[in-house]
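Protein chains: 2
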Amino acid sequence: MKWLDIDPSECPVRRTLDLVGEKWSLLILRDAVNGVRRFDDFRRHVGLSEAVLADRLRKLVAGGVLAARPYREPGARTRNEYRVTAKGWDLWPVLLALKQFGEKHRADPAGPMLDIRHDDCGAPVRVVVACSEGHSHLTHREVTVRPGPSARPLRTSPTC
Amino acid sequence: MKWLDIDPSECPVRRTLDLVGEKWSLLILRDAVNGVRRFDDFRRHVGLSEAVLADRLRKLVAGGVLAARPYREPGARTRNEYRVTAKGWDLWPVLLALKQFGEKHRADPAGPMLDIRHDDCGAPVRVVVACSEGHSHLTHREVTVRPGPSARPLRTSPTC
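Protein sequence lines, in the order shown, are assigned to chains C and W. Each residue of the first sequence is one higher than the last, beginning at 1388 in the numbering used here. Each residue of the second sequence is one higher than the last, beginning at 1388 in the numbering used here.
Some hints could be false.
It does not matter which identical chain is used: a pair holds within one copy or between any two.
[To be verified] Capping the alpha-carbon separation at 25 Å, the derived lysine-lysine pairs in PhoX-like fashion look like this:
#, residue 1, residue 2
1, K1446, K1491
2, K1410, K1389
3, K1410, K1474
4, K1410, K1446
FYI, nobody ran anything at the bench for these hints, they're computed from the structure. Note that this is a predicted model, so its numbers are computed, not measured.
Assemble the whole structure, with the sequences as input and the hints as a guide.
Written out as structure tokens, the structure is:
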């Protein structure tokens, strides 16, 4: 089956995008993995409206990517902090890949905004495409894509 | 400077999302890297309206991620094919990372929809987080993030 003949409605890229496939959600997540936890901090730093922020946080919590935890400053009402869950950290490679594209193609000549290094050896960290045998920095020309076990044919109705 | 104090408006994640940070754009790109080239095929397979598809294709071409090339079937009007550019292929790791999250967290028990293997050795292919010294499969706990050379302080106005 060619890709065009496969039903993509349940494809894993689509499933992920149904959860986070929207600019503000990914920017909120970017801030969350960098330690931002409080509503007002997200609002000020990401620069979105309270209504949109509240909506996206609700969706990210419902999707299990962020967890809401109550806190209360003395004399103030109880509010929520938002922390990245283990599932949320599984999106970290998506953010790193977005960062790398932005650095390559819209680079600030001064250098990166954030410098990410491996604690053990101090070397810079990137996402790379690799095979399970350890061959790394693969390009799309070095791989072959075939339909997998859950590929189902796209049903075309006569009215399409 | 902590991340919260850094001006994120030109951050590389944001710059990438300004170009492709929208579900349909990423689904179009998903199809394009799998060989889809023609307007009607994108429309049918991705399942979006002609108006939205036309808008997103225009944006992806303007952003240098897809290239439009004319073709003409005999007896028909000239139309465009859309091909992934070298810059567009630099987004492939983003798509792979989205795919991996979807496979991990919303898995089809039958197995993956697409099977991606290294031509040389036949082993399955993934995005991984690695350092330039070759240490692979790093987690966020094994790295340290510091402000880089282009980090600028977020200016807060008194009315914020």
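For each hint, the structure was consulted:
no.	hint	in the structure
1	K1446 with K1491	between (31 Å within a copy, 19 Å between copies)
2	K1410 with K1389	between (31 Å within a copy, 23 Å between copies)
3	K1410 with K1474	both (19 Å within a copy, 20 Å between copies)
4	K1410 with K1446	both (13 Å within a copy, 15 Å between copies)
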